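Colleague: Sequence:
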Amino acid sequence: MGMVQALPCKMNDAKMLKIIREIAENTSRVYILKHAKVGMQERKISQTQIYSCLHKGSIVEPAQLSVYGDWKCTMRRRSDSCLRRT
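Here my numbering = 1-based position in the sequence shown + 14.
What the hints contain is simulated information worked out from the structure, not anything from laboratory work.
From a predicted model like this one, the values you see are computed outputs, not experimental measurements.
Hints should not be assumed to be uniformly reliable.
Below 30 Å or equal to it, Euclidean Cα-Cα: the simulated DSS-like pairs (lysine-lysine) are [claimed, not checked]:
(1) Lys-51 x Lys-70
(2) Lys-86 x Lys-70
(3) Lys-51 x Lys-29
(4) Lys-70 x Lys-48
(5) Lys-58 x Lys-48
(6) Lys-70 x Lys-58
(7) Lys-86 x Lys-29
(8) Lys-29 x Lys-70
(9) Lys-32 x Lys-70
(10) Lys-86 x Lys-24
(11) Lys-58 x Lys-86
(12) Lys-51 x Lys-32
(13) Lys-48 x Lys-86
(14) Lys-51 x Lys-86
(15) Lys-32 x Lys-86
(16) Lys-48 x Lys-32
(17) Lys-32 x Lys-58
(18) Lys-70 x Lys-24
(19) Lys-48 x Lys-29
Using the sequences provided together with the hints, build the complete structure.
Modeller: And the structure:
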């Protein structure tokens, strides 16, 4: 008997965002990879900003299945706090 292959689940941006928000409710469930930490240092991005993006950001590149079988997307959050009002 051959191996059974799992079928990938259907994923869309709304479902992906809901899952991300649920995971981000507890920051101990968020793991920042070593290469991401290097990128954060280069761009002067704090962990607080990462968590804020996970909580309040939007998906700018749609959810897609990676070559490793993981779901991924790109998120972005713009903050008005850096804008000066006159």
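Colleague: Under the criterion that the straight-line Cα-Cα distance not exceed 30 Å, is the pair Lys-86, Lys-70 satisfied?
Modeller: This hinted pair holds, its Cα atoms lying about 17 Å apart.
Colleague: Given the hint that Lys-70 pairs with Lys-48, test it: the Cα-Cα distance must not exceed 30 Å.
Modeller: holds (23 Å)
Colleague: Are Lys-51 and Lys-32 close enough, with their CA atoms no more than 30 Å apart?
Modeller: holds (24 Å)
Colleague: Within 30 Å, alpha carbon to alpha carbon, are Lys-29 and Lys-70?
Modeller: holds (15 Å)
Colleague: Taking only the CA atoms, is the gap from Lys-32 to Lys-86 under or equal to 30 Å?
Modeller: holds (13 Å)
Colleague: Check the hint pairing Lys-86 with Lys-24 against an upper bound of 30 Å on the C-alpha distance.
Modeller: holds (13 Å)
Colleague: Lys-32 and Lys-58: Cα distance at most 30 Å?
Modeller: OK: Lys-32 and Lys-58 at ~27 Å, within 30 Å.
Colleague: For Lys-70 and Lys-58, compute the direct alpha-carbon distance and say whether it is at most 30 Å.
Modeller: holds (19 Å)
Colleague: Between Lys-48 and Lys-86, does the CA-CA distance stay at or below 30 Å?
Modeller: Roughly 17 Å separates the two Cα atoms, so the pair holds.
Colleague: Is the Cα-Cα distance between Lys-51 and Lys-86 30 Å or less?
Modeller: holds (18 Å)
Colleague: Assess, step by step, whether the Cα of Lys-32 is no farther than 30 Å from the Cα of Lys-70, and give holds or violated.
Modeller: holds (11 Å)
Colleague: Quick one, are Lys-48 and Lys-29 close enough, alpha carbons at most 30 Å?
Modeller: holds (27 Å)
In summary, this structure violates none of the numbered hints.
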